[in-house]
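Asker: Each chain, letter by letter, is given below.
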Amino acid sequence: MRASAPFGMTAVVALRVSVLLALLSLPAVAQSAPPARLAKSIERVYGDGAQVDTLRVDSARVYRISRSGTLLGFAQVRNVKGKDQQITYLVATDSADALRDIDILVYREPYGGEVAYEPWRKQFRGKTSNAALQVGKDIRNVSGATISSNAVTRGVRRALADLTAWRAAGKLR
Amino acid sequence: MRCPPPMIALLALCCLPLVPHRLVQATAQEPDEERTTVGGYGEVHYLNPTGPGTPGEVNVRRFVVYLAHAFSERIAFRSELELEDTKIEGGEDGGEVALEQAYLDYTLSPAATIRAGLVLPPIGIINETHEPPTFNGVERPSFERNVIPSTWRDIGVGLVGAIPGSSGLNYRVFFLNGLVASGFTADAGIRGGRQEGKEASFANPSLTGRIEWARPGLRLGGSFWYGGSAAQDPVLGTGSFDNAVALVSADARYDVGPFMFRGVVANVSIADADAINAAYGGQVGSRIAGGYLEGAYDLLSTLAPGSTHRLNAFVRHERYNTQAGVPDGITRDDALARRITTVGLSYKPVYNVVFKGDYQLRRNRAGAGEDEQLSLGVGYQF
Chain A
1372 MRASAPFGMT AVVALRVSVL LALLSLPAVA QSAPPARLAK SIERVYGDGA
1422 QVDTLRVDSA RVYRISRSGT LLGFAQVRNV KGKDQQITYL VATDSADALR
1472 DIDILVYREP YGGEVAYEPW RKQFRGKTSN AALQVGKDIR NVSGATISSN
1522 AVTRGVRRAL ADLTAWRAAG KLR
Chain B
28 MRCPPPMIAL LALCCLPLVP HRLVQATAQE PDEERTTVGG YGEVHYLNPT
78 GPGTPGEVNV RRFVVYLAHA FSERIAFRSE LELEDTKIEG GEDGGEVALE
128 QAYLDYTLSP AATIRAGLVL PPIGIINETH EPPTFNGVER PSFERNVIPS
178 TWRDIGVGLV GAIPGSSGLN YRVFFLNGLV ASGFTADAGI RGGRQEGKEA
228 SFANPSLTGR IEWARPGLRL GGSFWYGGSA AQDPVLGTGS FDNAVALVSA
278 DARYDVGPFM FRGVVANVSI ADADAINAAY GGQVGSRIAG GYLEGAYDLL
328 STLAPGSTHR LNAFVRHERY NTQAGVPDGI TRDDALARRI TTVGLSYKPV
378 YNVVFKGDYQ LRRNRAGAGE DEQLSLGVGY QF
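Residue numbers (the working numbering), protein chains in the order written: chain A, 1372 to 1544; chain B, 28 to 409.
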């Protein structure tokens, strides 16, 4: 992206292109999120003008998000099994390894899709790997969607633990 | 601009090669790997009613296998096959092998999934969510058996989804087969009128639906069911909505800290109950109504605050009457105005395994045949 790019249309287009290029290079695998859905989610969490670089840590793919050379955080797409299908979710941290947000990218179960709604997701914001991240403790369940609430919470807990450990080990910078 | 017909044909021909190309692009973003998943739930009961000649009984009440298959990101098949009471044997009571659900979901958008096949009318709490770890008490609430006839399943087609622009509002609507009035009874209402997807008569269709609103810890729902029940019995009528049954229901689930509350109310109107009784010689009520309230507290939140296990102490009070209204000429049976109080414990080492125990006081307005029951049970889902 050119530093001299004016704000407005050009910047937005440049962002979309950079995000899409990063994401479209992924092979199409089962239970992934559509690239456009992922790009939109990253834009929502980190705002316009963010640069997305794809990194490899061990065998995992991690997105490094920055703007004008300043690190904003890391994001990862993972799957966790709900009742009978995989739930594809995004975990997004800030530069201090706290959760900036989570997102449900693809929900495939017949009931329980309320875990995708903002009022439930926002409970995760600001949590670090020191938090319990347990339904019934620091995360309220969605009544009637116990399996999805527990599955996503467990998945987020694991992803956050990994991202934090990789950072501490210097594998992510 | 006007084009002569040959020009249009030529334009269409030119566009043809683009069509397959666009289809490929669209599907390239969707995983094409199919997958089959297996799950299940079950419960084993020990029930011991008080009174002479009623020894305790143990039973594998339910053993259920889920089988689901995703054909693509948008199309999935889901089913639930149930074995009740471990086996069925000729000439013996009890035991059932039943398909409880078998449907295809075609997801058009988050706001609309087409669901077709053998489905669950979206009424109350237990009918759609009946896995043993999801409710307190060894047996399901009696109200959600005799007023809302869970597990109620019928065949048809409908739409489910999130209401666009809302945060947490969902809907489900279905067009299904109706009930058959010859199965209605005084003590279990419309329960015996369910056809359960077995060579079911579609003489009377039904419409059922639900709107619900969910927030963290809270879910509120309102449901209805409306349909005929005459099943072309010439005595009752041949119209689609003859001998109509109208059901409305509301339910709430609220979890806050260590407390959990839930409640359901319902009202069933059978306007032509007199004609149904005249035809089949029953004592079916013209109105069936009631509800229950339940409160629970996680004792481990005080006893062992760091624990991820749960030990719920609960109390549930049910009140319902399957003859809340009776047609002229029928004398109300006060034993059908039931009051059931259940107190008990549910221990959940993980959220999908439960060990249960409870004690039930089963009373009625007539004071006839009242008893109490001790129940123990284990349940799981995966």
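Because the hints were derived from the structure by calculation, they are not lab data.
Where hints are given, some of them may not hold.
[Claimed, not checked] Partial chain B-side listing against chain A, Cβ under 7 Å, derived: (1) R242; (2) G244; (3) A395.
Treat the numbers as computed from the prediction; the structure is a model and nothing was measured.
Backbone N, C-alpha and C define an ideal beta-carbon position, used for all residues, glycine too.
Asker: Now tell me if each hint is right for this structure.
Answerer: To see whether the hints hold, each was checked on the structure:
A least Cβ separation of about 5 Å between R242 (chain B) and chain A falls short of the 7 Å threshold, and the interface hint therefore holds. For G244 (chain B), the suggested interface contact is upheld, since its CB lies about 4 Å from the closest CB of chain A, less than 7 Å. With 7 Å as the threshold, the beta carbon of A395 (chain B) stays out of range of chain A, its nearest partner Cβ sitting at about 37 Å, so the hint is violated.
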